[in-house]
Amino acid sequence: MTDLYREVLPQPDDDIPLREITIRVNGEPRVAVVEPRLLLAHLLRQGFNLTGTHTGCDTTHCGACTVLVDGKPVKSCTMLAVQADGRDVMTVEGLAGASELHALQEGFKEEHGLQCGFCTPGMMMTSKALLDENPNPTEDEIRWALSGNLCRCTGYQNIVKAVQWAAVKLQT
Amino acid sequence: MTAVDEIKIGGMGASRRRVEDNRFIRGKGNYIDDITLPGMLHMEILRSPLAHARIISIDTSKAWAMPGVRLVLTGETMASRNLAWMPTLSYDTQAVLATDKVRFQGQEVACVIADDPYIAKDACQAIVVEYEPLPVIVNPTQSLADGAPLIRDDKENQPDNVIYDWEIGDRVGTDRAFDQADVISKIDLHYPRSHPSPIECCGSIADFNRATSKLTVYLTTQAPHIIRAAVALVAELPEQMIRIISPDIGGGFGNKVPVYPGYVASILASILLERPVKWIEDRTGNLISTGFARDIYLRGEVAMRKDGRILGVRMQTMADHGAFFSDAQPSKFKIGLMHSAFACYDIPNAHLLARGVYTNKAPGGVAYRCSFRVTEAMFFQERMIQAAADDLGMDQAEFRRMNFVRDDDFPHRTPYGFLTDSGQYGKCLDVGLEAIGYQDFLEQKEAAAQRGRLLGIGISTMTEPLGAGNSREYDILGIKMFDSAELKIHMTGKALLRTGARGQGQGHETTWAQIVAHELGIPAEDILVEEGDTDTAPFGMGTYASRSTPVAGAAVAMVSRKIRAKARKIAAHLLEISEEDVEWELGRFYVRSQPDRGVTIQECAMAAYSNMPDGMEPGLENVAYYDPPNLTWPFACYIATVEVDPETGVWDVLRLVAVDDCGVRINPMIVEGQIMGGLTEAYAMANMQFITFDAQGNCIGANFTDYLLPTAWETPGFELHEVVTPCPHHPIGAKGVGECAAVGGPAAFVNAVIDALKGTGVRNIDMPVLPDRVFQALNTGKDVSGAPPVMTDEA
Chain S
1 MTDLYREVLP
11 QPDDDIPLRE
21 ITIRVNGEPR
31 VAVVEPRLLL
41 AHLLRQGFNL
51 TGTHTGCDTT
61 HCGACTVLVD
71 GKPVKSCTML
81 AVQADGRDVM
91 TVEGLAGASE
101 LHALQEGFKE
111 EHGLQCGFCT
121 PGMMMTSKAL
131 LDENPNPTED
141 EIRWALSGNL
151 CRCTGYQNIV
161 KAVQWAAVKL
171 QT
Chain Z
1 MTAVDEIKIG
11 GMGASRRRVE
21 DNRFIRGKGN
31 YIDDITLPGM
41 LHMEILRSPL
51 AHARIISIDT
61 SKAWAMPGVR
71 LVLTGETMAS
81 RNLAWMPTLS
91 YDTQAVLATD
101 KVRFQGQEVA
111 CVIADDPYIA
121 KDACQAIVVE
131 YEPLPVIVNP
141 TQSLADGAPL
151 IRDDKENQPD
161 NVIYDWEIGD
171 RVGTDRAFDQ
181 ADVISKIDLH
191 YPRSHPSPIE
201 CCGSIADFNR
211 ATSKLTVYLT
221 TQAPHIIRAA
231 VALVAELPEQ
241 MIRIISPDIG
251 GGFGNKVPVY
261 PGYVASILAS
271 ILLERPVKWI
281 EDRTGNLIST
291 GFARDIYLRG
301 EVAMRKDGRI
311 LGVRMQTMAD
321 HGAFFSDAQP
331 SKFKIGLMHS
341 AFACYDIPNA
351 HLLARGVYTN
361 KAPGGVAYRC
371 SFRVTEAMFF
381 QERMIQAAAD
391 DLGMDQAEFR
401 RMNFVRDDDF
411 PHRTPYGFLT
421 DSGQYGKCLD
431 VGLEAIGYQD
441 FLEQKEAAAQ
451 RGRLLGIGIS
461 TMTEPLGAGN
471 SREYDILGIK
481 MFDSAELKIH
491 MTGKALLRTG
501 ARGQGQGHET
511 TWAQIVAHEL
521 GIPAEDILVE
531 EGDTDTAPFG
541 MGTYASRSTP
551 VAGAAVAMVS
561 RKIRAKARKI
571 AAHLLEISEE
581 DVEWELGRFY
591 VRSQPDRGVT
601 IQECAMAAYS
611 NMPDGMEPGL
621 ENVAYYDPPN
631 LTWPFACYIA
641 TVEVDPETGV
651 WDVLRLVAVD
661 DCGVRINPMI
671 VEGQIMGGLT
681 EAYAMANMQF
691 ITFDAQGNCI
701 GANFTDYLLP
711 TAWETPGFEL
721 HEVVTPCPHH
731 PIGAKGVGEC
741 AAVGGPAAFV
751 NAVIDALKGT
761 GVRNIDMPVL
771 PDRVFQALNT
781 GKDVSGAPPV
791 MTDEA
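As given, the protein sequences belong to chains S and Z, one line each in that order.
Counting with my numbering, you get residues 1 to 172 for the letters of the first sequence.
Counting with my numbering, you get residues 1 to 795 for the letters of the second sequence.
Please note that the accuracy of each hint is not assured.
[Stated by the list, open to error] No farther apart than 25 angstroms at their CA atoms in a straight line, the calculated lysine-lysine pairs in the BS3-like style are these:
1) Z:K306 - Z:K28
2) Z:K569 - Z:K480
3) Z:K8 - Z:K332
4) S:K72 - Z:K28
5) Z:K28 - S:K169
6) Z:K569 - Z:K488
7) Z:K306 - Z:K186
8) Z:K332 - Z:K480
9) Z:K121 - S:K161
[Claimed, not checked] Residues from chain S shown here face chain Z by an in silico Cβ test under 10 angstroms; the list is partial:
10) Q46
11) F48
12) C62
13) H112
14) G122
15) V168
16) K169
17) T172
Everything labelled a hint here was simulated from the structure, so no lab data went into it.
All figures in this text were calculated on a predicted structure; none of them were measured in a lab.
Just so you know, even glycine gets a beta-carbon here, dropped at the ideal spot from N, CA and C.
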């Protein structure tokens, strides 16, 4: 992101109070000047061009926008960007290391845990939070952990297998 | 040298891991809302809060005055450019932005285009619309009542709210069969309104370039070429100047086939403003205004001899189409393929009467993981079959088997006139019964009943028509429903394949390459597959109705064979023999008498650019258009076992066994993924998913709080089995599979619950089979069915 060529738009007449916030996103500090009403999902997607975080329902049901805030899964479509000020946010773009995929990414591919791919980033982020806390979950624990993330394509069975695949990989 | 190992090169039958996953698992998909163009503006839609009202005035002045607002569109703006109404695929018209009246809650009234979506949403709230409320119609009974308000007063020759009356089959013969019957089974059913709800909503980015006159539209569409044709024909823009790009699609299920007002408005806005205009629908907009599915009533009757043979069936359907008849269904039949019902049964007489009506509800759609009413047809069929078996007192499996079309009876004319070509129905049923342990379960059920527990088993067997479609039964605005594939073999033996289909998660980028690998022996990983851009892809009709494999997949095989035919000539030249002496094995041509002497397909590719025979055109590229000779007819048997809690009415799925015969499987992993996805939607419809309306026409189901989708927690596990009967007319014997489980699945679940309630007098509980409905049925011993609709011949 560079401001070198940014066009400066005329400020609106009514004074919208802007706030400068600093969020650590995937390990990098990012600074933004935002309206207090801006949703975190929109800041990540439009402001920081991290379009792997998707929005699907606007009402915190579908979970496609799930990111980790200080390690906890949060639906970023119902969190204000200003609420993330000073916090640590991890998106799907932060999952893979420099040279290799995260075990969850491999697991989702290996077990055919995705079809259209739209819910997948949220599924993986929720799964990461689960495995961070519980490295060897049962099927029921996986299903319960993922019950805030909707998928319309897979029927979940292969998503469960993908998480189990990753759990095994992470323990070896 | 020998032939290459097909599985090793990722050919047919390989559970090849998906190519497209590489970007999706990294969050690097390219969905519509991920695209940003320079200077792009954002559009939001103001929708009607009322279901039926006359528009008195629209005051947009406050919206125009807001900083950052670039354009406000109303019906008046659209009308001035002759775009206030658009034609539908069902030969009706649909309002783009309302001019005279609003006819359903959520109808598009105005659009604001602004610098960002927040400003656009604010400005929508600043638009003042004055409405005069009109009486609201929310069901067919009201729609057909004397003195009912006329919903479509915009149309000439539309004296009432009836859209069509349509009839097929042999009325006289069927009446005679009923006269001769020993037993007549009768049941009234409702398939409630549902919504596909892909997790990604609809959207568009229109980008009109005044300097070049080119209009580029990024669109969440399952059928980009149809959209290009529609824009060319309707907006009268030159077709070469229209480019439709369908980027990655976050699920479709039929929801992304129709043309929506938002698309049209964003295109006009871009033309007027000469800037890219993005519209991204919100979830409420998606649920209350875009293509719904089902919403149809049935009165079904089965005439039988007392030994169980079915003599005839009668069906009367009443479909609630909403405010506009904008079904995105290309069959030549008003009620889609409802008359594919009973195709797997040998029934001599059948008659269907269908009526469609307008109501003050959202229009359009119809297809939801479904070939145009096939889902309703198979649900009705299998509920009627179970009721008939119960009424006879016959075992439900035996009753089906007795009436199945036999394996040696193909081609078979179905009761309503389709032609089926292959299947092993009895075998599929046997595999299913064996897997579920049918006899054991019946004993278990009996024993459980002694202890007051309610177990039930439900079977659903069906063959459904896929692969829209041959010209006898289909066209879109007169255009035949072929599909296409273009294959370019590069000199290094790598390849680029493009088709006219557009996947939305089905894995085309993976499976199309497997078909080429199967035909040519080129490793699948050497083949790049692209779809969705009308400037580069050959003309095709898109992806819906499980048509990709039956139609575009066939084109992929056919274009590969064209390439192979040319490569054979090159091989003969390179081997210095006549073409007749050239033999083919996977990946390689060789001399018949000297199998060691041969050339690979890759060597032929290089020669096509460097050493072709005299007089031969250089290059190794071709295109194939495939017009299917018939529909394909996969068969499936789904068996569910459930336990109903008599205290609460809650039912749990104990097991679900699926036996799918979708012909030859290209990628078994992907096929199984499709089946599990379909079963989940089947479970959803049986268990929770429906959209209803209150008396004022307020949509109950306008967000995911009210419209329940199944999560990982309640979705049951599935056990999958297969039988393979190749399709006789498809080049690789495939039949398609995307919708089978969603079509055949719901009846298995409902039949199981009804079976658990056997002996209580309850014959039907309408979907979704909610716990309170089960509880009510258990406690009254009566059916829980919707208000009986006014049926066709009574109206």
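Each hint tested on the structure:
A distance of roughly 62 angstroms separates the Cα atoms of Z:K306 and Z:K28; the hinted pair therefore is violated under the 25 angstroms criterion. Between the alpha carbons of Z:K569 and Z:K480 the distance comes to roughly 33 angstroms, so the proposed pair goes past 25 angstroms and is violated. Annotation: proposed proximity of Z:K8 to Z:K332 is violated, straight-line Cα distance about 44 angstroms (limit 25 angstroms). The hinted pair formed by S:K72 and Z:K28 meets the criterion: a straight-line CA distance of about 23 angstroms does not exceed 25 angstroms.
Of the pairs offered as hints, the one joining Z:K28 and S:K169 holds, with about 23 angstroms between alpha carbons and a cut-off of 25 angstroms not exceeded. Restraint check: the Cα-Cα separation between Z:K569 and Z:K488 comes to about 17 angstroms, which is no more than 25 angstroms; the hinted pair holds. Annotation: proposed proximity of Z:K306 to Z:K186 holds, straight-line Cα distance about 15 angstroms (limit 25 angstroms). Between Z:K332 and Z:K480 the alpha-carbon distance is near 11 angstroms, which keeps this suggested pair within the 25 angstroms criterion.
Restraint check for Z:K121 and S:K161: not satisfied, since their Cα atoms lie roughly 41 angstroms apart, outside the 25 angstroms limit. Interface hint status for S:Q46: upheld, as the beta-carbon distance to the closest one in chain Z is roughly 8 angstroms, under 10 angstroms. Because the beta carbon of S:F48 sits about 12 angstroms from the nearest beta carbon in chain Z, more than 10 angstroms, this interface hint is broken. Look at S:C62: its Cβ gets to within about 6 angstroms of chain Z, closer than 10 angstroms, so that hint holds up.
Interface restraint check: S:H112 against chain Z, minimum CB-CB distance 5 angstroms, threshold 10 angstroms, status holds. Because the beta carbon of S:G122 sits about 9 angstroms from the nearest beta carbon in chain Z, less than 10 angstroms, this interface hint is met. With a least beta-carbon distance of about 17 angstroms to chain Z, the hint placing S:V168 at the interface is violated under the 10 angstroms criterion. Hint on S:K169 is violated. Least Cβ distance to chain Z is approximately 14 angstroms, over the 10 angstroms limit.
Because the beta carbon of S:T172 sits about 20 angstroms from the nearest beta carbon in chain Z, more than 10 angstroms, this interface hint is broken.
When held up to the earlier numbered hints, the structure conflicts with 1, 2, 3, 9, 11, 15, 16, 17 and fits the remainder.
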